[in-house]
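Engineer: The primary structure of each chain is shown beneath.
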Amino acid sequence: MSEYRIQGNTGEWEVVIGLEVHAQITSESKLFSGSSTGFGAEPNSHVSLVDAAMPGMLPVPNRECLRQAVRTGMAINAQINRWSRFDRKNYFYADLPQGYQISQLYHPIVGEGEIEVTLNEKDPDSPTKKIGIERIHVEQDAGKLMHDQHPTMSFVDLNRSGVALMEIVSRPDISSPQEAGAYLKKLRSILRYVGSCDGNMEQGSMRADVNVSVRKPGGELGTRTETKNVNSIRFMMQAIEYEAQRQVDLIESGGAVVQETRLFDPNKMETRSMRSKEDAHDYRYFPDPDLLPVELDDAFLEECRASLPELPDAKRARYEALGLTAYNAAVLTAEAETAFWFEDLLAEGVDAKQASNWLMSELFGALNKLGKTLDESPVNPKQAAELLGLVADGTISGSIAKQVFEIMLETGQGASAIVEEKGLKQTNDTGAIEAEIAKIMAANDDKVAEYRSGKDKLFGFFVGQTMKAMQGKANPQIINDLLKKALG
Amino acid sequence: MSIDKDTVNKIARLSRIAISDAEADKMVGELNGILAWVEQLGEVDVTGVEPMTAVIPNKLRLRDDVVTDGDVRDKVLANAPAKEGSFFGVPKVIE
Amino acid sequence: MTDFSRLGVAAIRDGVANGEFKAVEVAEALNTRVAAAKALNAFIVETPEMAVAAAQAVDADRAAGKPLGKMAGVPIGMKDLFCTEGVQTTAASHMLEGFVPTYESTVSANLWKAGAGMLGKLNLDQFAMGSSNETSYFGNVISPWRRNDGGNAALAPGGSSGGSSSAIAARLCPAATGTDTGGSIRQPAAFVGISGIKPTYGRCSRWGVVAFASSLDQAGPMARDVRDCAIMLEAMAGFDPKDSTSLDLPVPAWEAALNSDLKGKRIGIPREYRLDGIDEDIAKMWDNGIAWLKDAGAEIVDISLPHTKYALPAYYIIAPAEASSNLARYDGVRFGLRDLPEGAGLQDMYAATRAAGFGEEVRRRIMIGTYVLSAGFYDAYYTQAQKVRALIARDFENAWASCDLILAPTAPSAAFGLGEKNADPLSMYLNDVFAVPASLAGLPAMSVPGGLDKQGLPMGLQIIGKALDEQAVLNAGLAIEQRSGFTAEAGEWW
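Heads up: the protein sequence lines correspond to chains G, D and P, in order. Per the working numbering, the first sequence starts with residue 409, numbered consecutively. Per the working numbering, the second sequence starts with residue 505, numbered consecutively. Per the working numbering, the third sequence starts with residue 1277, numbered consecutively.
Quick caveat, the hints were computed from the structure, so don't treat them as lab data. Don't take each hint at face value.
[Stated by the list, open to error] As a list, the in silico EDC-like pairs of lysine to aspartate or glutamate whose alpha-carbon atoms are at most 20 Å apart: (1) G/Lys-636 <-> G/Asp-617; (2) P/Lys-1518 <-> G/Glu-703; (3) P/Lys-1697 <-> D/Glu-534; (4) G/Lys-876 <-> G/Glu-842; (5) D/Lys-579 <-> P/Glu-1373; (6) G/Lys-624 <-> G/Glu-660; (7) P/Lys-1585 <-> D/Glu-547; (8) D/Lys-596 <-> P/Glu-1618.
Hey, can you work out the whole structure from these sequences and the hints?
Structural biologist: Spelled out as structure tokens, the structure:
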């Protein structure tokens, strides 16, 4: 898709990237316990005895978490494994109460799939590339350690311990920071459409482990490093850039890349080696004997499939068929919320083109000014549809609609009520308009002459003057018609 | 397969069990004895046999996604060797 | 005046229900016996006030005409592997010394609901790892039995449920809970001349029981006769949604259906259990058992369980592997012992804590388990062992084509002396040779007294049944009990 190359002293290098994305599965309760997954609770309050791994405590799996993983797999056309199993990944750390993470190594719930990405989603001509997905498995999140509360101690909060994650493992098919960014954006969009993850990277609902290696174009794969827990698309792209350059510099100066775990420091914009943990890679995976194999039946899979929403690619194609430009269709489908807003407008009877133009210019512009997201919009689709309906049926003009919208944003009043109260209804009274036109022509006879001698551009001037004289309330189509007649 | 003292020390590290030199020496003999004995399993022809996954035929039950637990901080922290406010305290970890 | 120590579960339950005596009288009498038997070291914690409180509640219920539970008024001992709310639970380890659970295991909760009361927490092999109760941090449990040689060598009560077996044989309690991972109910029952049943894997919830090897651990009752085992198992068993491996099945009325008429039952005698050099007394007892079952109307058939020989090595891979992971949670962070040497970091704290908190046998098994799961060895050891386990289960499946039950000795010998098998861990492991196959296959299996050996020590007969067919196992146990005439008791030397 893109020819990303690093120029080294010994020539060009290409970068090979694979991503392991950890996405928090949207669920009320944890993967193996009935504790809440709610964000921002008091430390150790969303913790059950199971999450704290008290002696004799046992895991019981949450159906919804498996369902969401399966739906996500279906959304990327992946192989769904009817028979899967949970394994234990054994290691010691203070944020891991059991001394093992329940995960899936040998038999993940979702197998091979793929995601098609476009470098520039908004450019219909931008080339696309398919990134292979190796697997999606379900596993427990760890707790959290805080290091800054005490001079000699770290503090353990287990609120996140046991929250369900999907680990979505890509093939090393990604070959530039831009592709990695496009992949992560697309993946996030799919997860949000499916509803299996809120994709909120700031809150840690989604984070990526980034595997990077470099090689001479077409050469043997190099040794890779894994940069852990990168929590924004921008950081990920920076981490890849830095890490690839570091590896090239290292190799070219006679060194060798060590397979290791690294951390990205967003302040210094660099990756650094995590204090190397001895034996860290001997996780002694084995099937969790507290759990039986997961067996999915037809009814379960049927429900998963039936409950899948229309996905971004399909939606975009449909929007284009409704007459939207490729650009508008791409923008409207990039995020599930936008598409749903748009579709709500259509459901209220708004014309597709009108809805898309208004949403992308008026609504986005207003929200941008207010610093609000679509979710926080002071105007809902029903209210917006009322406004757009007034334009469509000629009750108000487009420019009046802008004024009305501003008042709606400020006061929360309905469009019709505002139009009524402020007397903004546009007039179709041809007599009144003709009278104004006559006055304007009289006052601007020089321009009339110029127009008549071929200076067509002046037509806009007369429209503007007339509209101004009518205080914006005249039907622009009628002004047009009457002006044409009067100016000859 | 016979294990040496280095291996014993490595296993002890993986197990997070501190082990003295004398203990490691003793353990070499014991573990080798046990491992030599279990190696007779290698004689068994297991062609076409799947490893056992469930002892008694039983189906995994899945829980409904409902909050039924948690909010028991006092119980969770009741036995903590080093309770720090609402947290468990551990020696400072450098990441 | 009734000697309450001579009454079993059924007798106490019925006596209380019929108003022959008060539950409190029983509790107090047994509290006194427990307090006077310190020499056996059967209890880690005594809870006389809880026994009395439970008894008072039963007496009050009876006075109020309320229905009484299956175990109403019966004081029992609780193996200290079951977490009990507000009462120290240690798994006989230094690691959990002082650990007071804020929760109650499902099995113990079921027993209290059925009207049982707790005399105390019973000693055991540390984390249930051992066959002689010599691995407890709180000291060896002594069997009440002595050899008839006039000496007073201290004998092993078996393990891991050695506190349970010793206390029941010494009539400190009519019954106690046990757990069986590779024979830990049956072998100690055999060593002290009592009965004990390990039900089908999944019958009794594992929730709240300190885990040793999850795919093998199963709780069960130990008592002085088969009926008492049936009663107590009914109270303990039942579906528990908190345990994913719990069987969602109703609990049968085992006691009501007890029937020692074995007409139509075929009893398999596995030829592979007749090991070369089998103890003469054990062999004789086994023959007696065969004769008794025949007398009860059963047909005896010769069967083969070809992979028997491999059960023990498979067990000593699978159980330590699971244990190495199950015991990882004992890390000094959230509960239990913490050993933090001066200036130690987190990983050093783990290593110090676990070295100090786990006894030698526990450390040994964790290390074996860690090794067999480690990179490069997993398939050769663990996967191979799970395949062999599948073959062992298949052996039993094949056997059920020609028999309904299997009769074998519980252990290859009667009780050995404390310290006799400590030098070599393997020789101790070999004591479980007959018990382990049924554990690997998850089958119900019971030990009932089969007679005394030359030294005057009890030996046990083991009955193994089909999955979920505890009734047939109990019935055959009852048939043996009615014919063996086993009435021997340990002399009260303590």
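Engineer: All the hints need checking, so say for each whether the structure fits it.
Structural biologist: Verification of the hints:
Restraint check for G/Lys-636 and G/Asp-617: the C-alpha separation of about 4 Å stays at or below 20 Å, so the hint holds. Simply put, P/Lys-1518 and G/Glu-703 have alpha-carbon atoms about 19 Å apart, close enough for the 20 Å limit, and the pair holds. Distance check on the hinted pair: P/Lys-1697 and D/Glu-534 sit about 14 Å apart at the alpha-carbon level, within 20 Å; holds. Of the supplied pair hints, the one linking G/Lys-876 and G/Glu-842 holds, its CA atoms being roughly 14 Å apart against a limit of 20 Å.
For the suggested pair D/Lys-579 and P/Glu-1373, the alpha carbons sit about 18 Å apart, so the restraint of at most 20 Å is met. As the CA atoms of G/Lys-624 and G/Glu-660 are separated by approximately 12 Å, the hinted pair is consistent with the 20 Å bound. Note on P/Lys-1585 and D/Glu-547: the hinted pairing holds, with a Cα-Cα distance of about 11 Å set against a maximum of 20 Å. Proposed proximity of D/Lys-596 and P/Glu-1618 is supported: the alpha carbons are some 13 Å apart, at most 20 Å.
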